[in-house]
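Participant: Next come the chains, spelled out residue by residue.
Protein chains: 2
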Amino acid sequence: GARMKGAGSKSSEGELFLSEAFKVILEEAVHKATDVKEKVCEWKDPEELRVLMDLELGDHGESHQQLLQRVRDIARYSVKTNHPRFFNQLFAGVDYHSLTGRFLTEALNTSQYTYEVAPVFVLMEDVVLRKLRSLVGWSEGDGIFCPGGSVSNMYAMNVARYWAFPQVKTQGLWTVPRLAVFTSQESHYSMKKSAAFLGIGTENVYHVKVDERYSSLHKAFAEDLEAKIVHAKSQGAVPFFVNATAGTTVQGAFDPLDRIADISERNGIWMHVDAAWGGSVVFSKKHKHLIAGMERYLDPIYNPNSYEVGTLYFFGNSHILLFSHQNLLMHCHCANATYLFQQDKFYDMSLDTGDKSIQCGRKVDCLKLWLMWKAIGAQGLANRVDIAFASTRYFVEELKKREGFQVVSEPQFVNVCFWFIPPSLRGKENSPDYQEKLAKVAPVIKERMVKKGSMMVGYQPLDGRVNFFRMVILSPQLNHSDLDFFLDEVERLGNDL
Amino acid sequence: GARMKGAGSKSSEGELFLSEAFKVILEEAVHKATDVKEKVCEWKDPEELRVLMDLELGDHGESHQQLLQRVRDIARYSVKTNHPRFFNQLFAGVDYHSLTGRFLTEALNTSQYTYEVAPVFVLMEDVVLRKLRSLVGWSEGDGIFCPGGSVSNMYAMNVARYWAFPQVKTQGLWTVPRLAVFTSQESHYSMKKSAAFLGIGTENVYHVKVDERYSSLHKAFAEDLEAKIVHAKSQGAVPFFVNATAGTTVQGAFDPLDRIADISERNGIWMHVDAAWGGSVVFSKKHKHLIAGMERYLDPIYNPNSYEVGTLYFFGNSHILLFSHQNLLMHCHCANATYLFQQDKFYDMSLDTGDKSIQCGRKVDCLKLWLMWKAIGAQGLANRVDIAFASTRYFVEELKKREGFQVVSEPQFVNVCFWFIPPSLRGKENSPDYQEKLAKVAPVIKERMVKKGSMMVGYQPLDGRVNFFRMVILSPQLNHSDLDFFLDEVERLGNDL
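Chains A and Y supply the protein sequences, listed in that same order.
Just so you know, we're using the numbering used here here: the first sequence kicks off at 1 and counts up by one.
Just so you know, we're using the numbering used here here: the second sequence kicks off at 1 and counts up by one.
Next comes chain A alone, as it looks inside the complex (with noise of 0.2 Å):
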């Protein structure tokens, strides 16, 4: 009999057409893209670009030429992530060896839940949880990859509900009393996000009050979560929960773990560490005091503790939660498909983890990060993240010898947040309009850049400052004359304001 007729489903022209994207991916998406003489972005208005794209979809299809040009075409007007230029979010820059660990697992597609359909990867995402846990300083524990922060953020929170109420998983939270979570006003809007979610409420997140630009003392924080926890009982709540965030998504601060763990101790409370942004210091000797403290909780059963170990530079997209606690991700998450997780196969059982997931199909995320990890070793992933540290303090020297650049607080991370103030405001701090004048200023160079192309980097407002830009220092393709030309880009864009 024939192969099933349809388009594109003929092995040998299929296999023609990848090789030819393969190329124009390589030179488009990887090549130019990386090359500082290429724009970061190609700016069109959506108008613009929904006719130039001529994205809709109809009943017939395109020859082989037609979908090469739009492969083309796509990565011609997407940002350029990967560009040395690229500081617009907490990803940039490409790491080749992790890019043809995610290719293999795109052309692979298989699915974490069984070692039965994914032997190599369940062994491999063991691996990595594992030599994660020792790093953290946890003998032993658990782990699971997560599709990104926000969702590994909900997992740890589900997780320290199950540990406090387990019958929250059957009969819901009308049994137990109202629950309380504990983070800092600073912290990732994903606790928010999560506690809607899990049907907890934002209102029973309680937020702390950080230290004025997150002095290394963290007396106020400490005094204040304290001073939360009794206000949340003495309102019937029951304190659950405590996040401490290693690496803030603005300011790239450090909350005091080691405080934090104490109050969570005293009080029995579970800890988590969301360092979605900054885990990646646990690979450094230099660096690794940021997180001084997780070590310390070795008791997985009286004090069971979350740790989220994102970014690691270059991973996006995929975060890895861990726990001291060896079953309680299990417990907490099983059902129990008999159509999946048979109990009469012919192996070890056990390495069927899909159920610790609350996803059924769960995409092979370990490989990117273990072939980088091969490739480079703990040594290279180590150096990487001394050199971001580096080139970060690099930054900061120069941009305070410029006249008009003003740092909001000084670096703990690769976060550099700053005000420009263009000439016409300098010295005018006393002005009544100066603030309103001078958020104005960060939205008129973004927008600039943007539409000239020549980098990308973010601003925002906080905590009553007005809009700052915040550097992040992190892609492994980056210099510094690229840190150079980001202040001299920032000048020539805003001098005139």
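Worth double-checking, as some hints may not be accurate.
Some, not all, of what chain A presents toward chain Y, calculated at C-beta under 7 Å [what the hints assert, rightly or not]: (1) 21; (2) 62; (3) 67; (4) 250; (5) 404; (6) 405.
In silico DSS-like links for lysine-lysine, alpha-carbon gap of 30 Å or less [claimed, not checked]: (7) Y:288 <-> Y:400; (8) A:32 <-> Y:23; (9) A:39 <-> Y:345; (10) Y:44 <-> A:345.
Derived from the structure by calculation, the hints contain no laboratory data.
Just so it is clear, CB atoms sit at the ideal spot from N, CA and C, and this is done for glycine as well.
Position chain Y against the provided structure of chain A, taking the given hints into account.
Facilitator: What follows is chain Y alone, placed relative to chain A:
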């Protein structure tokens, strides 16, 4: 200044590695993986595989050649889900354009949250969602791509809860009465996982009886659904969510959408259709009748609905959730983070759709579907669906001609559930140990095929029926000779049992 040092970050070396690795991936994970003369899997016991793969992670990096060998080994020992004789999961086969879209997605490495960093993909997602809504029969509405069907179901349940009781978002479940979910006893286990995760509890999921072998009348189902709703209310619970399954996981059966809609409408309950498996029938004029009733729901204010379109053949790990209501998704999930969704941008900020999601960074999932659609058109997609139905019919007819094969139920979709009764058990249906012996047949045949590497298919018990095989027919690489081979091979592997 020199570019940051660190193994693997040099562009020319990196691109060379990527190119060579691509050749290996194309050969091992695509070309050989779709060749019927090659094995579907190369079974190794976990202990053996651990040693073979040398998975442990160390301090130092490896050479280019060693890493290429690793890529080859990973492909070699991974299951070939692209193989025409892989029938083990609800995904199978390769679509070359979709795979190209995946590669491009990985290379561009952006996040779907803002127009600023994903201009092409924000517009593209909108086009795909609109097109799918129009196929379902909805003139307006909303939607989102989710990391899998289980997460889609959670989204739907959360949005339905928000529609019924918006205060849950802020105050949690303590301020509302106990909520009740309704779904068939053969629906996917993610309904229970969703209820657990959202704080509703698995015991508040009421399982509705399905009709014997899913007859087209569905009388028992409709009656039991009404009875369960009355029962839940009498217990003080508030019914808020009815899930209808379009294509059950094991049998591929379709719930009676029209009847369920009548009941939902009458009771003012949100109706969700979990079409994660059967959703692709929307493309087929011939088979769309299986979801008849969906097009009725035109009142998004009083009767909002959600519809999850999954799989679409060869579309692994991404699912699409559609809503008939336009704004609920955003209202339910938004957290208004000012560092990401600035309100003073220079473009139409309604294009920053990331706050609809419970994730922060969200993988681009629309491109693989969009490129496949551009390549073969809606007609090509419809053909695939029709061919899969026709091949299923062929398979069932061939199966019935053979002694020892017995279908569990007549297929509605592309799942064929059947027992293989080995010669020693034929005619002994009334022996007291018949069921016990039959239950052991499928696991043994499965073990033998996996160790031989000739093919893979799933089995499971269901509702008192002992282990039977679930054949699924969906790969575009599949032809009739593969189906004949399948039946022959089951006989070869099971005739001595």
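Participant: In ascending order, which of the hints set out earlier in this document are inconsistent with the structure?
Facilitator: Numbers 5, 6 - these are the hints that the structure violates, sorted from lowest upward.
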